[in-house]
Amino acid sequence: MLCDKCMSNEACFHFTLIVNGEAKQVNLCESCAYKLRENYAPEDFFGFTESTADSDEHSQNQKSGAVCGVCGLTSEKYIETGLLGCENCYEVFDELIEPVLLKVNGRSDYITGDELTSISLLAEIKGFRKKLNCAIENEDFEAAAKFRDKIKELIHSSAEKSNV
Amino acid sequence: MCSDFSPVLFSQVELRRNISGLCFPSALDDTGKAEVNERVRVSCTKIARNFSYFDKNSERNTLSSLSELKLIDSAIMKNDYTGYLLGDNNNCVIAINEEDHIKITIRQKGLSVQDVYKQAKEIEKILAEDFSFAFSERRGYLTESLKNTGNACIFSVIIHLPAMGAKRMIAAQQEALSLFQSELVPFFKEGKTDYGNVYILRSKANLGESTQKTASKIYRSACDLAASEKYQREIFSLNASLVQLDAIYRAYGILKNARLISYEEALKLLSAVILASESGIIENISTKALTELMFKLSPAAIYEMYKDNSYFDRAQISYARAALIRNSLS
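Protein chains in written order, with this note's numbering: chain A, 1 to 164; chain B, 165 to 494.
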């Protein structure tokens, strides 16, 4: 395994560094480990003062400037607290969020399936409920009965799908 | 089947949801929070459970007692417009404006991960008639903290592991479980010390696997832990050393006779006596009653039990605790 710092010598020192509560595995050669000992500031030494983002240029831009137009959260505030302010933050701070989600879950993609089915079913049920109320208001009881039966059917199918 | 194994005390699920189009609670102004609080409470009237509402103005000891049972977050209770609806003997809790707009918690005795999930989903469906939840196809349910983003669903099993604790096997289990994106954390903890060998086995992953898969993983891990605990109890019953037997009988003697006992000592000794009872070393003890008692001995819970008394100091709480234990053992 090569040294993480010089990328040329074989690493012979392996240790875990905690930066902002995140653990990072570090592998160093003897020379780089000595330099680190001489001037002990591991975050600066490795250049990762922020734990939640990659050090690529795009992330740096996001770190310094991005602001959510909906809730007003800044990237600095997000990095400080680790908390998001609204749905829109997920789009604005996407590049900062991705590595954190990967660290927490091992993967960052949402597994669709039952949850999405359930969401679309709920939206459908909601739509039919509105139609049912309209039909009742207009005293169109024949249509109302049809909507009622449809809602029952959807609720039944939703319950079947949510059985684990 | 391991669902009847006594080590598993409770199964729990937490579903977090935010209302689409609104800022998350930390970024929401007071008017917005008040509106969310009101709308969620109105919507919850459609749920067929007898809810009681608690917020920062509720009785302090009641809140502490619920917080010690990990049903509410006492720190967040300082916030205006944060509230909790507790129903069905605290088996169902709906937190409003906690970290997210809505958190549905279902806790039930025994190993019933699938059942608690089903109950939580039923409540979610009722609420979804009134609210659209913040959701994206790429990230799933959107939450304030990234650790919940995705399924926004945490499965937990509360489990009593005295035999594994006695053999110092918990650290190895914690390490092994972390590989499966689960964690095993103490339930009763004061600072860095934990008491009573009661642990929470909890799922951590919310992305990359379906809720069903996470539920199955937690169920299997709970079964494995329960089987290991049962095996260790059997070994303990056959091979307990004189020192271990002495410790158990001393614990039993103290619990049967003490007039004053601290919370921490009570948990520690009860755990030992439950282990002895389950291993057949001490007979004619209701393990179930003692296990339930472990969750009723905190200072706030005892104060709550005797709240009609005008003044209850520390010694009186210790005295009441010791009396409760003596009654259970007699």
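Mixed in with the good hints there might be a few duds.
Stated by the list, open to error - Residues on chain A that point at chain B, a partial pick, calculated with CB under 7 angstroms:
#	residue
1	Cys3
2	Cys6
3	Met7
4	Ser8
5	Ile79
6	Leu84
7	Ser108
8	Ile111
The hints are simulated quantities; they were obtained by calculation from the structure and are not laboratory data.
Cβ atoms here follow ideal geometry from the backbone N, Cα and C, with glycine treated the same way.
Measuring from the C-beta of serine 8 of chain A to each C-beta in chain B, is the shortest one below 7 angstroms?
-> This interface hint is violated because 33 angstroms lies over the 7 angstroms limit.
Agreement of hint isoleucine 79 of chain A with chain B interface, Cβ distance less than 7 angstroms = violated, 12 angstroms
Against chain B, is isoleucine 111 of chain A within 7 angstroms by beta-carbon distance?
-> holds, 5 angstroms
Can leucine 84 of chain A be said to touch chain B, with a Cβ gap under 7 angstroms?
-> Since chain B brings a Cβ to about 6 angstroms from leucine 84 of chain A, closer than 7 angstroms, the hint holds.
Hold the hint about cysteine 6 of chain A up to the distance rule: shortest CB distance to chain B must be less than 7 angstroms.
-> With a closest approach of 32 angstroms, the cysteine 6 of chain A hint is violated.
Interface restraint verdict for cysteine 3 of chain A against chain B (beta-carbon cut-off 7 angstroms) = Where the cut-off is 7 angstroms and the nearest Cβ of chain B is about 27 angstroms from cysteine 3 of chain A, the hint is violated.
Does the CB of methionine 7 of chain A sit less than 7 angstroms away from some CB of chain B?
-> This interface hint is violated because 29 angstroms lies over the 7 angstroms limit.
With a cut-off of 7 angstroms, does the beta carbon of serine 108 of chain A approach a beta carbon of chain B closely enough for the hint to hold?
-> Given a least distance of 6 angstroms, the restraint on serine 108 of chain A holds.
Figure legend: structure checked against the earlier numbered hints; hints not met, in rising order: 1, 2, 3, 4 and 5.
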